[in-house]
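Protein sequence lines, in the order shown, are assigned to chains V and U. Mapping of the first sequence onto the UniProt record's numbering: position 662 corresponds to residue 662, and the numbering continues sequentially without gaps. Mapping of the second sequence onto the UniProt record's numbering: position 79 corresponds to residue 79, and the numbering continues sequentially without gaps.
It should be emphasised that the hints constitute simulated quantities derived from the structure, not laboratory data. Since the model is a prediction, treat every value here as computed from it, not as a measurement. Ideal Cβ positions, reconstructed from N, Cα and C, are used throughout, including at glycine. Accuracy of the hints is not assured; some may be wrong.
If you only want the chain V side, here are some residues facing chain U, beta carbon under 7 Å, derived [stated by the list, open to error]: (1) Gln-211; (2) Thr-218; (3) Gly-220; (4) Tyr-287; (5) Pro-288; (6) Asp-336; (7) Ala-339; (8) Ala-361; (9) Glu-363; (10) Gly-411; (11) Gly-412; (12) Glu-666; (13) Gly-667; (14) Met-701; (15) Pro-705; (16) Asp-706.
Beyond 10 Å from chain U on every Cβ pair, some chain V residues (computed) [what the hints assert, rightly or not]: (17) Ala-222; (18) Val-249; (19) Gly-343.
For each label pair, taking beta carbons as the anchor points, the in silico distance ranges come out as [unchecked claim]: (20) U/Glu-80 x V/Asp-60: 26 to 34 Å; (21) U/Arg-11 x V/Ala-757: 56 to 64 Å; (22) U/Ala-152 x V/Pro-658: 24 to 32 Å.
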Amino acid sequence: MGKMDRWPERATLNRRAFLIGTGATGLLLGYSAMRTGPHEAKALGAGSFEPTVWYTIAPDGKVTVVCGKAEMGQHVSSAMAQIVADELEADWRKVAVVFPTNDPKFNDPLLGAQITGGSWSVRMNFDPMSRAGAAGRVTLVKAGAEIMGVPEAECFAQNSQVIHGKSGKRIGYGPIVGSGKADRTWTPDELKAIKLKPASQYKLIGQSVPQLDVPAKTDGTAAFGIDAAVPDMLYGKPVVPPVRYGATVKSVDDSAARKVPGFVKVVVLDDKTATITGWLVVVARSYPAAKAAAEALKVEWDKGPNAAVSDETIIREAKRLQLDPSAGQFFVKAGDPGAAVAGAAKVVEAEYFTSINIHAALEPMNALAEQKDGHWHIYTGNQFATRTGGIAAAALGVDPKTVVVHQHYLGGGFGRRLDADMVIPAVLAAKDVGKPVKVIYAREDDMQMDFTRPLTYQKVRAGLDGDGRLVGLEHDVVCAWPTARWGIPEFLTPSVDKKGALDSFVVNGADFWYTVPNHQVRAVLNEVAQRATPSGQLRSVAPGWTFWAVESLIDELAAAAGKDPVDFRLALLDGAGANAVGAKRLANALRTAVGRSGYGALALPKGQGIGVACVSSQERATATWTACAAQVDVEPDSGAFKVNRLTIAMDVGTAVNPDGVRAQIEGSVLWGLSLALYEHATLEGGALQVANFDSYTPLRMSQVPDIDISIIANGEPPSGCGEPGVTVVAPAIANAIFRAAGARVRSLPITPETVKAAIKA
Amino acid sequence: MVMLSVNGQARQVEVADDTPLLWVIREQLGMTGTKFGCGAGLCGACTIHLDGEAVRSCQTSVVDAAGKQVTTIEGLGAKEPHVLQTAWIAEQVPQCGYCQSGQIMQAAALLARNDNPTREEVVAHMDGNLCRCMTYARIQRAIMRAAGELRAQKGA
Ligand code: FES
Ligand code: FES
Chain V
1 MGKMDRWPER
11 ATLNRRAFLI
21 GTGATGLLLG
31 YSAMRTGPHE
41 AKALGAGSFE
51 PTVWYTIAPD
61 GKVTVVCGKA
71 EMGQHVSSAM
81 AQIVADELEA
91 DWRKVAVVFP
101 TNDPKFNDPL
111 LGAQITGGSW
121 SVRMNFDPMS
131 RAGAAGRVTL
141 VKAGAEIMGV
151 PEAECFAQNS
161 QVIHGKSGKR
171 IGYGPIVGSG
181 KADRTWTPDE
191 LKAIKLKPAS
201 QYKLIGQSVP
211 QLDVPAKTDG
221 TAAFGIDAAV
231 PDMLYGKPVV
241 PPVRYGATVK
251 SVDDSAARKV
261 PGFVKVVVLD
271 DKTATITGWL
281 VVVARSYPAA
291 KAAAEALKVE
301 WDKGPNAAVS
311 DETIIREAKR
321 LQLDPSAGQF
331 FVKAGDPGAA
341 VAGAAKVVEA
351 EYFTSINIHA
361 ALEPMNALAE
371 QKDGHWHIYT
381 GNQFATRTGG
391 IAAAALGVDP
401 KTVVVHQHYL
411 GGGFGRRLDA
421 DMVIPAVLAA
431 KDVGKPVKVI
441 YAREDDMQMD
451 FTRPLTYQKV
461 RAGLDGDGRL
471 VGLEHDVVCA
481 WPTARWGIPE
491 FLTPSVDKKG
501 ALDSFVVNGA
511 DFWYTVPNHQ
521 VRAVLNEVAQ
531 RATPSGQLRS
541 VAPGWTFWAV
551 ESLIDELAAA
561 AGKDPVDFRL
571 ALLDGAGANA
581 VGAKRLANAL
591 RTAVGRSGYG
601 ALALPKGQGI
611 GVACVSSQER
621 ATATWTACAA
631 QVDVEPDSGA
641 FKVNRLTIAM
651 DVGTAVNPDG
661 VRAQIEGSVL
671 WGLSLALYEH
681 ATLEGGALQV
691 ANFDSYTPLR
701 MSQVPDIDIS
711 IIANGEPPSG
721 CGEPGVTVVA
731 PAIANAIFRA
741 AGARVRSLPI
751 TPETVKAAIK
761 A
Chain U
1 MVMLSVNGQA
11 RQVEVADDTP
21 LLWVIREQLG
31 MTGTKFGCGA
41 GLCGACTIHL
51 DGEAVRSCQT
61 SVVDAAGKQV
71 TTIEGLGAKE
81 PHVLQTAWIA
91 EQVPQCGYCQ
101 SGQIMQAAAL
111 LARNDNPTRE
121 EVVAHMDGNL
131 CRCMTYARIQ
141 RAIMRAAGEL
151 RAQKGA
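One chain only, chain U, in its complex shape:
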């Protein structure tokens, strides 16, 4: 049995310690916004936050998440839409949409520590997140838009 804190809620799951967190989130907790793409840390579709850091949940054992704050796409904008989610809609980023939870979670970790990233910083931070529909230009634009929005909010 493992005790987890997911999106601010205490959850208790009956799984082996080495079960990838991805499948615990999807199957035991029934939260399907976090996606399975490769199971090998190569695509980023499964990206979540552990204590605010973006990690690949397919490469994280459930036991390693115990005692940490797990945030999934469902928790990111739970109270009000995250500035990235608003920007994603404004830029009409998603095509098939399958990679986008992971893209947004990955980008959110960047903006949390840097609200004024350069294009190169964005590319370096996002390059591990594959988008098979190739929505990359819009992802970049949406991140820049959200960063500007964050700066405006702080300035205000």
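In isolation and in its complexed conformation, chain V is listed as follows:
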């Protein structure tokens, strides 16, 4: 089995390593030097470093895959290595993974940046990484045949060896690389022409090989950003303002802080990127000293323009915007929903809410910044190294090319580490004191300054015809727009009514696979929320709220039509037109979960019910077909309820590592449960009312229900599995509560109080 290096990015690679990479110019193969860090790169000379290098083979046969994706527990590093190694015919025991810096040469071949999110990684990199592996194999077979003096056509590769079938002669990849004969450049067309293996010949893909990052995560040796250290390093503790965004520092009294032993300096941050406002950093010789000095600091703030914003004002503004027909942009517009609903036999209207939620990754945000040799080095774990390096450069006012982001393991990502705020206090403090500074957020800083899942308000109006068929649906989604905040036009989507660009990451999922002849989805930006609570991408993003509304509504419609909610869904999943194939895959996932749950077949005691939901999270173009049947027990007097069992079915096409897929489903489903029942942040006076794990309370071991998971791998290309589970659980639970107690809850999180209120209603 391969092994993950403790300091992945610093692993030394042999100078005479066999390089392979894909880039704009195609795949490059040949001898070159792989830089092991910025200092080494300089020593080697600029000409010896080749772009976009996805793996190297050393003369000792070691295959080192460069994983351009952040490793945050989704085991993407193993998956990438498996994909490369399968086509390369590499011996898995000789495979290791390293992580690159933010050098653009390591950008995602499809996305053009180093970014990890959207459950995109395996789906989007499967083909390029397979071709990279295959190109290496073809080159090695040719070179191996030449060395052995046998015809290339009679040779094949297996287990890191080139074998001549007739004579039984063989030569290992290591010696071939050592000979210098493996040398070829591939054009994009040549790459495209490579015939990849059929699924039946996969050796590693589809196998639950042990994850490469696991051993180092059982003995304390895995290096996270917070563990980084350089000589002469000082420690920084942020001091954050009493509002989430918009404050300015009026005055600072550090007389008491100065008396704390180890105190170095207070730095008031002037962030030119406006990512953070009103922050200071206390720098000291140890973190406890920085913390003690921060507590002794007296700061006066001007709380700025958002100091009166609360959940209530955000909701009031959302409702006002929803009533304004000129607000927002259309994401979906098919047929004439207004007329269809107006002419419907039955109309169902409903409002759905989801609360503010925070990421609360267990490793608090942190970054170490060091200026050295004309470069700024940043040591941290990050999901968007490209942008993070750019933000650091902008905050410092330096050329982005001089900022090197050194990737580390992420102690939880969940979308939080797509943001770059943590590098700003580190670089500004380091610049100010002229020494390396490692800034670590206290848990309270981390929670209060989270880039949150926004509070969402959704209004739906749907019409049923006389036969109980869904003929029209109007769906409005009003919230802050997390992705628009980045200011990267490529991440926005043109609206269907040509009214400018919209943030599709607030409405994805609402363009579902049900066949509804008249259907519109409108995305409306809530500016009040956008200004007061800079929002972020929280695991599953939009499908985490759009499916809450859609899958609750579908159940409400089934009830209004007097139909069984499973039958009602299956009828809508007819696969007509643009919904071909996908709708049927979703129907199959639904049938699988429903069947395994005992739905309709079990005689449940009074107060119990099974509810269902099915989703095509994440985006329509990147759907993973997922269904959940939740069995709950509701106590009608108090509203107290218990989730007994969650039955999940997920069609992932191809499971590159089935156990890894299962682990992602296990985690994401419990995330879905945690968001549905236990996690709730509120905004009051412009401040997030959270502090630590006693006020924001993700699910613990005692709250884990029985979970039954079915993975459907039908040979279609792989799709993402880290997020869909988050989206499907809440509506399934709400629908189960309805079946158990006749109570309809429309707000997340669901609590005994909201259930009790719904029972009374």
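Given the structure of chain V, go ahead and fit chain U with the ligands onto it with the hints provided.
Below, chain U with the ligands without anything else, positioned relative to chain V:
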């Protein structure tokens, strides 16, 4: 100055008496396997052993550790992998991995006094250790596997 015994070695540190042991281990001793998660005794990421008992190092003053045996994740399997570490790999428990040193240290204290815990005992003992990646089912399975392994070793 405080004298400590960490993973069987005598260590001497120049810090204030009330410094949380967590930061002494991480910063002064340079052992980073013990993690900072909340600083308030609410997550368990910083769990170590003091004379074999699982404690939160963020809530323990360095001076209170003087004269006691401090064991960290680095010391747990120093000679050979602890049965829990082997079980953790067999069950492929870690996701991001950040909580796992604390989970293993917490579980090791349980197995040291009870090699046949019930599911309820495991849950009660582990409930203070947060896993944000929600690897709870695998943690439970790994503890049960390790307990079985321990019993087999003793029976042998
Ligand atoms: S860091 Fe000590 S319990 Fe969380
Ligand atoms: S594995 Fe990530 S917090 Fe437990």
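Hint check:
no.	hint	verdict
1	Gln-211	holds, 6 Å
2	Thr-218	holds, 4 Å
3	Gly-220	holds, 2 Å
4	Tyr-287	holds, 5 Å
5	Pro-288	holds, 5 Å
6	Asp-336	violated, 44 Å
7	Ala-339	violated, 46 Å
8	Ala-361	holds, 6 Å
9	Glu-363	holds, 5 Å
10	Gly-411	holds, 3 Å
11	Gly-412	holds, 5 Å
12	Glu-666	holds, 6 Å
13	Gly-667	holds, 5 Å
14	Met-701	holds, 4 Å
15	Pro-705	violated, 10 Å
16	Asp-706	violated, 10 Å
17	Ala-222	violated, 5 Å
18	Val-249	holds, 24 Å
19	Gly-343	holds, 47 Å
20	U/Glu-80 x V/Asp-60: 26 to 34 Å	holds, 28 Å
21	U/Arg-11 x V/Ala-757: 56 to 64 Å	holds, 57 Å
22	U/Ala-152 x V/Pro-658: 24 to 32 Å	holds, 28 Å
Hints 6, 7, 15, 16 and 17, counting from the list given before, are not met by this structure.
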